[in-house]
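Visitor: In case you want the letters, here they are:
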Amino acid sequence: MSVLGSFAGSSSTLVGGLPSSLAVDPLFSRGVHWQEVVIVIIRVLVAFGVLLGSVVMMIWFERKLISDMQSRIGPNRAGPWGLLQTLADGIKLFFKEDLVPNRSDRFVFKLAPYLTLVPALLIFSVVPVGGVVTVAGHTFELQVADPPMGILVVLAMSSISVYGVMLAGWASGSKYPLIGSVRASAQMISYEAALGLTVIAVVIVSGSLSTRAIVAHQAPAFWDWNVLRLGVVPFLIFVVAITAEMNRPPFDLVEAESELVGGFNTEYSSIRFALFYLAEFMGVITMSGVMVTLFFGGPDGPIPRFIPTSDLWFPSVWFLAKVFVFLFFYVWVRAALPRLRYDQLMDVGWKALIPLSLAWLLDVGAVIVWGWWALVVIAVEIALGGVLWRAFVVGSRRSEVAAIYPPIASRMLTVVPEPTAEEEQE
Amino acid sequence: MNPSQVNVIGMDLVAAVHKTGPDIATFVVSAIIIIAGAIGVVFSRNPVHAALSLVMTLFGVAVLFIEQQADFLAAVQIIVYAGAIVVLFLFVIMFLGVDRRENIAAEPLHWQRPLALVLMAAALAGVIALGVGSHWATGQQAVAGSTTAGGHSNVYLLGKSVFTTYLYAFEATAALLVIAVVGAVVLARRPSLPSVEPETDARGAAVSGQPGPDGGLHDAAPRGSAAQDASPADVRAGQSLVKEAGR
Amino acid sequence: MSFLGFLDGLGGPHVRDGVIHLVVVLASVHALAAVTAIHVPHIRYLAILPEIVMLGGAVLLLGVASLSDRPVRMSVTTVGTVVISGASMGLAWWQWADVRQHGPFTTVAGAVVTDGFSALIAILASTAMLLTALVGDGYLRREGVEGPEFHVLAMVSASGAMIMGQANDLIVIFLGLEIMSIALYVLAALNPRRATSGEAALKYFVLGSFSSAIFVYGIALTYGATGGTNLAHLTSYLSTHALSSNGVLLAGMGLLLVGFGFKVAAVPFHMWTPDVYQGAPSPVTGFMAAIAKAGGFAALLRVFVSSFGTLRPDWRPIVYVIAIVTLVVGAGLAVVQRDVKRMLAYSSINHAGFVLLGLQAADARGVSAALYYVFTYSFMVIGSFAVVTLLGRSGDVGHDIAGYRALARRQPVLALAFAVLLLAQAGVPFTTGFLAKLQVVAAVVDAHSAPLGFVAMGSAAIAAFFYLRVAVLMYTPRRPRWVPPGREIVFDPIVGPQASTAAREGSGVSGQAEPEIAPGGSLDGGTAEGAVATVPRTLAELRLWSGSERTVAVVERLNADLLIDREAEAVEDGAGGRRVRVPPAAIVAIGICIAVTVVFGIVPGPLVDFTHHSTLLLLR
Amino acid sequence: MVNRETMAQYLAIFVLLALGIVFGAASLVASALLAPRKQPSAAKLAPYECGIIPSREPPQRFPVRFYLIAMIFIIFDIEIVFLYPFAVILHQLRTFGLVEVLVFAAVVLVAFLYLVSNGALSWGPPKRLVEGMGSRTSETTIERVGAGASSSDRAA
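Top to bottom, those sequences are chains F, C, P and L. Quick note, the first sequence lines up with residues 28 to 453 if you use this note's numbering. Quick note, the second sequence lines up with residues 36 to 282 if you use this note's numbering. Quick note, the third sequence lines up with residues 1470 to 2089 if you use this note's numbering. Quick note, the fourth sequence lines up with residues 13 to 168 if you use this note's numbering.
Think of the hints as simulated: they come from the structure by calculation, not from any bench. Possibly wrong hints are sitting among the right ones.
[To be verified] Each computed DMTMM-like pair below joins lysine to aspartate or glutamate, with the alpha-carbon atoms no more than 20 Å apart: (1) L:56 x F:125; (2) F:378 x P:1808; (3) P:1672 x P:1808; (4) L:50 x F:89; (5) L:56 x F:132; (6) C:195 x L:61; (7) L:50 x F:124; (8) F:137 x F:124; (9) P:1672 x P:1783; (10) C:195 x C:206.
[Stated by the list, open to error] Okay, the calculated beta carbon distance ranges per label pair: (11) F:363 x P:1545: 48 to 58 Å; (12) P:1682 x C:64: 51 to 61 Å; (13) L:114 x C:78: 15 to 25 Å; (14) C:66 x P:1571: 51 to 61 Å; (15) C:59 x F:370: 50 to 60 Å; (16) P:2078 x L:114: 21 to 31 Å; (17) P:1926 x C:143: 35 to 45 Å; (18) F:159 x L:56: 23 to 33 Å; (19) P:2078 x C:143: 48 to 58 Å.
Owing to the predicted nature of the structure, the values given are computational and were not obtained by experimental measurement. Cβ coordinates follow ideal geometry from the N, Cα and C atoms, glycine included.
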């Protein structure tokens, strides 16, 4: 309990920020000093560079790991162990023809890659990647930005990222991209709800939306990480939802090659295609970072007693290590699992994840407020789960479809009789 | 809050408030974004472009919210409006086949557009007159209290407000959501009996095919296997297949 | 214990705590709760019980319907709705009694006020719901509309009106308005067999949303001018600040008036009314007329008379003008209508003008009169549309006034009921309609707006004409049954050129469609009785009639589609005209409406006292 | 909390946004400079159809169910938006707040039940096939083609 008490104190300083006396009228004191602006710009540049570099590495890592898992060699020509392969591919794409199909909506077609790239990039801004550092008298956290609504930036951007896929498919003016984008947009909004609900569970325990505060609440050691504190289930839901949100395997129906050629980006070539590709892998990295932030204590080490966390480098190392685990996980899943069917995908999202995550977050709230009496809530929820199941059964029964086509055999074999004279007169 | 006291404080602050450079810059930029987006919504011939312009406007409004320190509202603006409602618009526009350019030339009431312009000018003048020459009780920090009074975050205060002052409104929203759902289903439904209008009936009888056992939800397209696995349920594509088979 | 000691030795108190944590993860989260508490609002449940019952009932009905395999039977939903609205009404009466004894009170952080006014509106809304459930039962069976959506939406809509009646905060008023309106938009589209139903819903929705937006803007400006949305705050703020010429406040008030004006169909904002009333399913139209007016006027009276009371000099002239225009346009345009529903729509605009008189008076007497008017009008309009529903037959079509000719011969009871309700709307003495008109006019004359009273009486005279026209037509004998094709063109002094159309239909020649098919004739068959003869009943007859094989097929199919349940329901009387079967539930509903209208017209005391006391409690 | 500190945070986000856009634009410019300039052939610009010449428009209509999905999503999104402030102040609101939210969630759950039981989420392949059409003759084919023509008119 002493541990818990200490968080409560730390949280109020982090969340509360300045005392109210200083915030009498923010209009007076809103100016931002130029030094701060410079620091901000430097931070952003560094973060951007690091992110781009890690994307390049990630692509290489994925290809290499997948080939290992499939007993292939993978890229091994460009650079040592094929490390420069991604770079080479990128450069190659610059030299390719930039086609805009003649049936396309040109403006939207050109806009779509940005709408995919920018959200993936902005999500990274709220992920705390390290501890507190002091440079030239200015103390700041290793994090691009820590707005008070931090985690909502993630959700807002993931809801914006629907646009990229949706518009890319529609603007192409072609069949397969359109189908891919229809699937993708329905899929993404479906899993976004589950995503939001699990994040709420996290917010309930930490009492703040700021990512830095969420991380601070998970100090000092691994048993206080939200993954355990919330009872693992929200984390599992989050992992599934985020995977589907990014259209990663096994939820990559968007670009199911066997059915849809290349999915929503079939008509894209050259650097526009590269931007989509970049955004996808950037999403993998940033979302892994979000997961670490929300559930695995961000840059905190597992046990502070043995391994220091207050150092300049250790937090970042911890963070990278945790993120790496998730990156490995994604590649592994891609290699191991087959793609879902569309109805299975929708069923998982709507019939399992969303009800479960809603129930779980209410449970968390009930436990906080009522303690053991929350069991009553849980019992009621289980009963309601039965009711929901009943509704699913009714729904599937009501929408049972009559096959409109006769059996193939009869279609082939029916002999069409010549109309008799009488019938013709009739 | 005692109103008279509020008024005194408000009056005192009117003179004192002045905005700093970044504030003005933020405001100007987001105002341009908002207005450009709004103009785009009105003048785009392609509904998809109009919807995207709407997103632009919403984004600009979110920036203004941030500038007013309403962080949470800004996030909600993006998540709900841009992320859900305009997506629904786009679904309807793109996937239900209304994404065609509108023919604006056809205008049943030819005096309508000049009248709209006049009314718009009048409304604009009214708004400006109101903004400049009137007494506002709100707008100064002191009235509603700081948006982050007492060291609490914006969300905290908003939540407090929702669960105390506006509790009844909050619960009433649930009813609103329920009828929204019922309405969506009712309107997406097809009749279980044939239409009574003779014109539609002559065709409707042929078109409606099988109304299904329950009068439940029906897709706009015939529900072959194609519709089931969400591949294109294009009406014409389906029919021309039949046509080919018939030959 | 030794285990914990061991852990202590291993990793210190952190580890120990952590292990406890892992064991009872959920339970220990409990300890995170902070100490500071927010002062939560006190809720007195009596104030919101009618709404809770109504909304809860709707949600329950929806849930039950969702979980049963086959569609819930109509009798079940109807009985359920009647029980729920009855319970809600009972609770509203309880509120009324409580308020009479202990006085009004506010609750839920001042967002809700319970006084006689709100109790009256709750009683009115739940009664309207009950009557509509009775009327709707037969209609829904006839039209083959399955499922509980009608009842659910209507109940939610009714609770929206109740919320508007008891709201003490502009935000709550807005939510009540939206809950009421959105449900009504969907209800208007409820009959998927008629394209006009969908068209009506679309028009209502687009214009209604627009007016809602205006309303919200009004709220925003009012908030800007006063710094609050709570009506009590508004009242106290305006009484302590001399803001009468404040532009923001006036603009906000004006926009609020526009928003309300749309809902109650006052004249510059009435454009939707005729189309929507005509297109919406008939029981819905009656419900809509009652509920939208009740909710709209409830909030309008409360906001303007009570909160903007100090600004009377500013808004009374506006209401004066709106009232005049509403009275004149409503009455004037109703005269030229040929469709009964459309005529009733314009007449409802006219009635809105009368209620506005009460608002214009802007005192206790005016509010009392307005309440009385709204209360009694609801019964008249629901009853009228109940009759219209019954006469509409399958498909809810053929509301042509010409079709009402000689109704008294075929269905004397129904004709009598309709006549009584129409006369009551016209303001004939010994009905509540007369008292209602008398009271508002008296109130407005008292409030030194006598010219307005004269205009109102003039419009009542015009209105009497078109109500009486229908009443007289119902008692006018029918024309000869069979008119040979193209032979005779009858000019009817009352219905005018319509008669010739009817004659053409009688000949089997319809204006719009192919001559042989005569769809107009078959559609109007029930009421425009000349048409009855047109559609041949047997194949042989048809062949004689047209001689074309193709026509046979087309007409056969048309008949199959159109006459499905007419066969089952319609009972022909000897004269060849078709009687409609009147479901018992509808009889009960119409009976209640007429009883209220006539009984309280003859014995005015109780109802007048009722509305009078509600007003006193409002103004306290 | 607000003022300098917060504004600096948002400034960083906007700088990152600008940087992302600049990066995208720069790479497009680079591609425009480096890519081959020749006019692509008509075949290259045609929609990709696996080598088959496209003969009809891409589909105009998708099942209404997609629209219903978006509708349900809005409902849940609004609920979620209300839950965020609730989550932040639950520790202060305690039982009261939780009960209010449970009521809210229960009402929304009924809406969800209604949607589900109306088949809005039944994507699956039909579990039981009902024979909807008799065996085929030339007559039925003609009928079907006729029906098809009129229904495509309606869709258009």
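Visitor: Give a verdict on every hint.
Guide: Checked hints:
1. L:56 x F:125: holds (11 Å)
2. F:378 x P:1808: Not OK: residue 378 of chain F and residue 1808 of chain P at ~49 Å, beyond 20 Å, violated.
3. P:1672 x P:1808: Roughly 19 Å between the alpha carbons, so the hint for residue 1672 of chain P and residue 1808 of chain P holds.
4. L:50 x F:89: The hint is violated at about 35 Å.
5. L:56 x F:132: Satisfied, since the Cα-Cα distance of roughly 16 Å is no more than 20 Å.
6. C:195 x L:61: violated (56 Å)
7. L:50 x F:124: holds (9 Å)
8. F:137 x F:124: holds (14 Å)
9. P:1672 x P:1783: Roughly 32 Å separates the two Cα atoms, so the pair is violated.
10. C:195 x C:206: holds (14 Å)
11. F:363 x P:1545: 48 to 58 Å: Hint holds: Cβ distance 52 Å, inside 48 to 58 Å.
12. P:1682 x C:64: 51 to 61 Å: Once the Cβ atoms are compared, 26 Å apart, the range 51 to 61 Å for residue 64 of chain C and residue 1682 of chain P is violated.
13. L:114 x C:78: 15 to 25 Å: violated (47 Å)
14. C:66 x P:1571: 51 to 61 Å: holds (53 Å)
15. C:59 x F:370: 50 to 60 Å: Between residue 59 of chain C and residue 370 of chain F, where Cβ atoms are some 54 Å apart, the hint holds.
16. P:2078 x L:114: 21 to 31 Å: Violated, since residue 2078 of chain P and residue 114 of chain L (Cβ atoms, about 43 Å apart) do not stay within the stated range.
17. P:1926 x C:143: 35 to 45 Å: holds (39 Å)
18. F:159 x L:56: 23 to 33 Å: violated (54 Å)
19. P:2078 x C:143: 48 to 58 Å: holds (53 Å)
Consistency with the previously given hints fails for numbers 2, 4, 6, 9, 12, 13, 16 and 18, ordered from lowest to highest.
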